[in-house]
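Per the UniProt record's numbering, the very first residue in the sequence shown carries number 1; after that it's consecutive.
If you're looking for bench data, these hints aren't it; they were derived computationally from the structure.
A portion of the hints provided could be inaccurate.
Each computed EDC-like pair below joins lysine to aspartate or glutamate, with the alpha-carbon atoms no more than 16 Å apart [said to hold, decoys possible]:
no. : residue 1 : residue 2
1   : K275      : E193
2   : K269      : E201
3   : K136      : E201
4   : K136      : E196
5   : K214      : D204
6   : K213      : E196
7   : K170      : E193
8   : K190      : E167
9   : K214      : E193
10  : K272      : D251
11  : K199      : E167
12  : K272      : E193
Ranges between beta-carbon positions, derived for each pair [what the hints assert, rightly or not]:
no. : residue 1 : residue 2 : range
13  : N16       : V289      : 17 to 27 Å
14  : G240      : I104      : 39 to 49 Å
15  : L225      : F279      : 11 to 21 Å
16  : D204      : S237      : 38 to 48 Å
17  : R209      : S80       : 20 to 30 Å
18  : P84       : E167      : 42 to 52 Å
19  : I200      : S237      : 47 to 57 Å
20  : D204      : K170      : 28 to 38 Å
Quantities reported herein were computed from a predicted structural model and do not represent experimental measurements.
Think of the CB as a built atom: it goes at the ideal place given N, C-alpha and C, for glycine as much as any other residue.
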Amino acid sequence: MSAGIRTYMEIIRYGNCLMAGFAAVIGTLIAFNILASNDPGFYSPEKFPFFFSGLVFLVVFLVAGAGNAINDYFDVRIDSINRPDRPIPSGRMKLKEALYFSYILFTLGTLLAFSINPICGLIALFNSLLLIFYAKTLKGTPLLGNLSIGYLTGSSFLFGASVFGLEGLKDLFILFLLAALAITAREIVKDIEDMEGDKIEGADTLPLRVGAKKASYLAVLIGFLAVFLSPLPYVLSVLGLRYLYLILLADLGFLAAIYQLLARNNPTKSSKMFKIAMFFALIAFIAGV
Numbered sequence: 001m002s003a004g005i006r007t008y009m010e011i012i013r014y015g016n017c018l019m020a021g022f023a024a025v026i027g028t029l030i031a032f033n034i035l036a037s038n039d040p041g042f043y044s045p046e047k048f049p050f051f052f053s054g055l056v057f058l059v060v061f062l063v064a065g066a067g068n069a070i071n072d073y074f075d076v077r078i079d080s081i082n083r084p085d086r087p088i089p090s091g092r093m094k095l096k097e098a099l100y101f102s103y104i105l106f107t108l109g110t111l112l113a114f115s116i117n118p119i120c121g122l123i124a125l126f127n128s129l130l131l132i133f134y135a136k137t138l139k140g141t142p143l144l145g146n147l148s149i150g151y152l153t154g155s156s157f158l159f160g161a162s163v164f165g166l167e168g169l170k171d172l173f174i175l176f177l178l179a180a181l182a183i184t185a186r187e188i189v190k191d192i193e194d195m196e197g198d199k200i201e202g203a204d205t206l207p208l209r210v211g212a213k214k215a216s217y218l219a220v221l222i223g224f225l226a227v228f229l230s231p232l233p234y235v236l237s238v239l240g241l242r243y244l245y246l247i248l249l250a251d252l253g254f255l256a257a258i259y260q261l262l263a264r265n266n267p268t269k270s271s272k273m274f275k276i277a278m279f280f281a282l283i284a285f286i287a288g289v
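Based on the sequences and whatever the hints tell you, model everything.
Here you go:
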């Protein structure tokens, strides 16, 4: 018996996919705004690529969902310990069903990306291959796996900006960097949270390699770096004054996450605080356009 629609939505973590797709569209909007500001003749309502923005959202949703599905495929034994309610370990979806589903999503997403332009297509193809490599190999590689997820998440903004070619990529690099730093810090915290299951499985994560305390210090360092650099989009005139006000809320969330990790030794609460802070950061990006 094949899995139902709700199970398919669960295995792709549709909430995360929606957020990633939305971030990509924000990247398109910010890049358009910057290009229009630099060249007044560029701006006109009909020049904003509404159709391509829809494709951007769909591509990121599909590729991110495929990455989540194939990650569950390779992580079935770990999830049976850490998250037994997930679709595969709970028996609601078969292993091969999850694998084929992920390949279909990867293919659809990459083909749609190439229909936008070659740069979009190459980014989607590279990210798809990296997601597969991550799920199969990099996830168990200390720090490299965390950095990969940081890049992949931050690249949502770059992908949205790539609608406008290389110029769009250059304009959105700082947002990519901030997102990548925040996500990398949270990924390290998540590895600390999952140490028990990862140890049983034999995974070689950063906390298991260097210890939870040293891994926590690195996560805190990266988190502080993201907070320290957070005013740069305003300083570089990428985003407006409203961004500066609202990013303070996100920074407070990051600091709260750091507090939960260092002072309370609570990686689970810290991970949740990081996620909330990243949501407020996304709101700041939107408001600053």
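Structure-based check of all given hints:
no.	hint	verdict
1	K275 to E193	14 Å, holds
2	K269 to E201	24 Å, violated
3	K136 to E201	14 Å, holds
4	K136 to E196	20 Å, violated
5	K214 to D204	15 Å, holds
6	K213 to E196	15 Å, holds
7	K170 to E193	35 Å, violated
8	K190 to E167	35 Å, violated
9	K214 to E193	14 Å, holds
10	K272 to D251	14 Å, holds
11	K199 to E167	45 Å, violated
12	K272 to E193	11 Å, holds
13	N16 to V289: 17 to 27 Å	23 Å, holds
14	G240 to I104: 39 to 49 Å	41 Å, holds
15	L225 to F279: 11 to 21 Å	20 Å, holds
16	D204 to S237: 38 to 48 Å	43 Å, holds
17	R209 to S80: 20 to 30 Å	23 Å, holds
18	P84 to E167: 42 to 52 Å	48 Å, holds
19	I200 to S237: 47 to 57 Å	50 Å, holds
20	D204 to K170: 28 to 38 Å	36 Å, holds
Violated hints for the displayed structure, listed by number in ascending order: 2, 4, 7, 8, 11.
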